[in-house]
Amino acid sequence: MSRKQRRAVLILACVGLLGLASLLVLFALRDSIVFFHTPSDVVEKGIEAGQRFRLGGLVAEGSVRRGEGSLVEFAVTDTVKTINVVYEGVLPDLFREGQGVVTEGRLDGSGKFLADTVLAKHDENYMPPEVADALKEKGVWQHMGKPQPATN
Amino acid sequence: MIVETGHFALVLALAVAVLQAILPAWGAHVRDERLMAVGPPAAVTQLVLVVGAFLALTYAYVVSDFSVENVYLNSHSAKPLLYRISGVWGNHEGSMLLWVLMLALFGAAVAVFGHRLPQTLRANVLAVQGAVAVAFMLFILLTSNPFSRLAPAPAEGLGLNPILQDPALAFHPPFLYAGYVGFSIAFAFAIAALIEGRVDAAWARWVRPWTLAAWMMLTLGISMGSWWAYYELGWGGWWFWDPVENASFMPWLAGTALLHSAVVMEKREALKIWTVLLAILTFSLSLMGAFLVRSGVLTSVHAFAVDPARGVFILGILVLFIGGALALFALRVGELRQGGLFAPISREGSLVLNNLLLTTACATVLVGTLYPLALEALTGDKISVGSPYFNMTFGPLMLPLLVALPFGPFLAWKRGDLVAAAQRLWLAAVTTLLVTMAVYAVVHRGPWLAPLGIALGVWVMTGSLAELASRSKLGQAPLPESWRRLKGLPRSAFGTAVAHFGVGMMVVGIIGTSAYQSERILVMKPGDQAEIAGYTLTFKGAAPQRGPNYREEVGVFEVTRHGQPVTSLMPSKRLYDAPPQPTTEAGIHVSWRGDLYAVLGDAQSNTEGGYAVRLYFNPLVRLIWLGAVVMFLGGLLSLSDRRLRVGAPKRARMQTSPMPAE
Numbered sequence: 004m005s006r007k008q009r010r011a012v013l014i015l016a017c018v019g020l021l022g023l024a025s026l027l028v029l030f031a032l033r034d035s036i037v038f039f040h041t042p043s044d045v046v047e048k049g050i051e052a053g054q055r056f057r058l059g060g061l062v063a064e065g066s067v068r069r070g071e072g073s074l075v076e077f078a079v080t081d082t083v084k085t086i087n088v089v090y091e092g093v094l095p096d097l098f099r100e101g102q103g104v105v106t107e108g109r110l111d112g113s114g115k116f117l118a119d120t121v122l123a124k125h126d127e128n129y130m131p132p133e134v135a136d137a138l139k140e141k142g143v144w145q146h147m148g149k150p151q152p153a154t155n
Numbered sequence: 148m149i150v151e152t153g154h155f156a157l158v159l160a161l162a163v164a165v166l167q168a169i170l171p172a173w174g175a176h177v178r179d180e181r182l183m184a185v186g187p188p189a190a191v192t193q194l195v196l197v198v199g200a201f202l203a204l205t206y207a208y209v210v211s212d213f214s215v216e217n218v219y220l221n222s223h224s225a226k227p228l229l230y231r232i233s234g235v236w237g238n239h240e241g242s243m244l245l246w247v248l249m250l251a252l253f254g255a256a257v258a259v260f261g262h263r264l265p266q267t268l269r270a271n272v273l274a275v276q277g278a279v280a281v282a283f284m285l286f287i288l289l290t291s292n293p294f295s296r297l298a299p300a301p302a303e304g305l306g307l308n309p310i311l312q313d314p315a316l317a318f319h320p321p322f323l324y325a326g327y328v329g330f331s332i333a334f335a336f337a338i339a340a341l342i343e344g345r346v347d348a349a350w351a352r353w354v355r356p357w358t359l360a361a362w363m364m365l366t367l368g369i370s371m372g373s374w375w376a377y378y379e380l381g382w383g384g385w386w387f388w389d390p391v392e393n394a395s396f397m398p399w400l401a402g403t404a405l406l407h408s409a410v411v412m413e414k415r416e417a418l419k420i421w422t423v424l425l426a427i428l429t430f431s432l433s434l435m436g437a438f439l440v441r442s443g444v445l446t447s448v449h450a451f452a453v454d455p456a457r458g459v460f461i462l463g464i465l466v467l468f469i470g471g472a473l474a475l476f477a478l479r480v481g482e483l484r485q486g487g488l489f490a491p492i493s494r495e496g497s498l499v500l501n502n503l504l505l506t507t508a509c510a511t512v513l514v515g516t517l518y519p520l521a522l523e524a525l526t527g528d529k530i531s532v533g534s535p536y537f538n539m540t541f542g543p544l545m546l547p548l549l550v551a552l553p554f555g556p557f558l559a560w561k562r563g564d565l566v567a568a569a570q571r572l573w574l575a576a577v578t579t580l581l582v583t584m585a586v587y588a589v590v591h592r593g594p595w596l597a598p599l600g601i602a603l604g605v606w607v608m609t610g611s612l613a614e615l616a617s618r619s620k621l622g623q624a625p626l627p628e629s630w631r632r633l634k635g636l637p638r639s640a641f642g643t644a645v646a647h648f649g650v651g652m653m654v655v656g657i658i659g660t661s662a663y664q665s666e667r668i669l670v671m672k673p674g675d676q677a678e679i680a681g682y683t684l685t686f687k688g689a690a691p692q693r694g695p696n697y698r699e700e701v702g703v704f705e706v707t708r709h710g711q712p713v714t715s716l717m718p719s720k721r722l723y724d725a726p727p728q729p730t731t732e733a734g735i736h737v738s739w740r741g742d743l744y745a746v747l748g749d750a751q752s753n754t755e756g757g758y759a760v761r762l763y764f765n766p767l768v769r770l771i772w773l774g775a776v777v778m779f780l781g782g783l784l785s786l787s788d789r790r791l792r793v794g795a796p797k798r799a800r801m802q803t804s805p806m807p808a809e
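For the protein sequence lines, the chains are A and B, in the order given.
Per the working numbering: the first sequence = residues 4 to 155.
Per the working numbering: the second sequence = residues 148 to 809.
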């Protein structure tokens, strides 16, 4: 093979691989990204049942109810609108009423949010950035630094 | 007083670094030996001063001097000594000081061990190293001073985030930073080469050990972080494709590619331009990782501070060094002459494939990490890119890499013979096939593709053993002869085989635990039993206990398997005194089959004495971290090879060398 042919093989390999990778990236981005919405978004934008998204806000005070087994119900609010969430599993350490939370799942037909993930947070001062931004927009954000008594 | 001395030492170190950045480079430019000779003593002095500054801060932490703001914010007098020390780098300011310490350490190492480098090259390398140090010391002194005092001094500190109070995490940052910053040496060498307009095999020979050392540290650092996340976060997972994890993983991928392309450059003088570019990109990704983590663009446990001034400063450093380096590259790239020719099927060809796949994989991770930031900036939509994206893009790119990996070492330089390589790998192929069939026969659950994934790992493991066997003519020559040959192999050959074996182990672990994990979430009362993966767990109840700086509720589970007692697991929920934050401590039983992993959840108010309990069985999960340790050991073997030692190259011997080193 001449130098030219060898270079052609190399360039073809690069282009082919990059093309393949770009396709993978495009497909993956189309299929696997998850949007973040606040309860107000959900009501205003009219998100369809069954569509997967992240719901974030504050856990409404007095809303946590335990059901059969590890089933738990609570409400997520941005102080304007509130959505009821059903989750089966063990809640993260820092899950508390009045604190920020991000849940992932889908709406059922009746407007309840069926969560399969409640995001663990690392630090009690930590507010998921999406939640903080959303609450700032609603004008109700405050620093969540003060430890609060556990309610569960 | 000691704290002020530390502050002063850091300022002095900055002054020394400024000299180190200017004088040797100027000396190299005008060929003045006295100016160039400033480099090594300056680098060593800088190290001494930075060590002084670091020790001063450590002292403040050890004696709990809460008049220092940084200590007040991040420490507590009731904390065990180990965590008072690790608290030094468990916060933004201290961790940047650790970063600078690592920079100084590597700079001084080049000064001390690089006495056989050509004078101008060493001068330029030390100057670049000095310039990087100047930037980060300015960053510390101007935006993140760990030495600032509080008046009046508070009586007690606020404490360290309890989930960071952990042995693995105490050592995770030093290793990670040693890796990140170690790549600055490759970067400095690349810039020096561009300044001189000359790179050759000798250059690659000098760069490789430093890159290898940095890569080893990064490998260990990342796997420590993953191990910590596994047992501390209580979710039974070991990798979350969290942006912060990706920030450390991208330099690792690029560094791995650099490690391999430097081999081609050293042996064959090919891929010069690419290797120089890769050296720049690897350190750029390290810097970008620091920016993403430190700027508060990403919020997570790693993002200590959300201070826009700091983000802008690091962004400035980023633009200056990456932009400057790439501009220099564009200016000078024409002067670098291209090297040897090679056929697509050859050792060089296989290493090019390795580089293509690794860098493309790195690019997909980069896209997945930055896309949410870009989209939010452009449209305001908030999205998250999670593991499905990375599994769909990163996975398929690793597949050909792992299939091709065992072939590489069997191909000759310049022009290889794929058929001959395949013939030498037949035993490995047969073993792989048998293992695959055995897995299909024994395991009937999980995805049907999973045994093929296991096979891929086994293929890499047996393939790397086959290389050693073939080079020692095992089975072809009498046994004593093979033994003699095996002993005669260069250490770097063992290094390659061992590191690749580690990759195989890791693949088996990843596939095993991802495909065959069992999970149960249930509520248990004292006396209740639960079955998982052949184990029977009996819940004995939970009782409160008191630790050095926390209270905890400890659950006791008696574990039996086929009626035989195995162990008892004691997962707990802790509440730390300062800051009052709960953590989950998983109870883990380790066996060769995998980990039995129990987490105690909340007490259930509607069931007397009942607790939510999460149980996992993670098959083969230990192989992931063991694989990383084996990769590290492979690197260590390679590093101890005499031929890799930094020294003047003997080109004649290199070319007649009967067995090219990896």
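To be clear, the hints were calculated from the coordinates, so they are not data collected in a lab.
Hints should not be assumed to be uniformly reliable.
To be verified - Computed list of lysine-lysine pairs in DSS-like fashion (alpha-carbon distance at most 25 Å, straight line):
#  : chain 1 : residue 1 : chain 2 : residue 2
1  : B       : LYS634    : A       : LYS48
2  : A       : LYS84     : B       : LYS620
3  : A       : LYS84     : A       : LYS7
4  : A       : LYS7      : B       : LYS561
5  : A       : LYS7      : A       : LYS48
6  : A       : LYS115    : B       : LYS634
7  : B       : LYS634    : B       : LYS620
8  : B       : LYS672    : B       : LYS687
9  : B       : LYS561    : B       : LYS620
10 : A       : LYS84     : A       : LYS115
What the hints assert, rightly or not - Label pairs and their in silico Cβ distance ranges:
#  : chain 1 : residue 1 : chain 2 : residue 2 : range
11 : A       : THR120    : B       : THR526    : 19 to 29 Å
12 : B       : LYS672    : A       : VAL83     : 37 to 47 Å
13 : B       : GLY470    : A       : SER25     : 51 to 61 Å
What the hints assert, rightly or not - Now the stretches of chain A that chain B is said to cover, found in silico as 3 or more residues with beta-carbon under 8 Å:
#  : region
14 : 7-21
15 : 35-49
16 : 61-74
17 : 83-90
18 : 111-119
Cβ atoms here follow ideal geometry from the backbone N, Cα and C, with glycine treated the same way.
Return the numbers of the hints above that this structure violates; sort them in rising order. 1, 2, 3, 5, 6, 13, 17, 18
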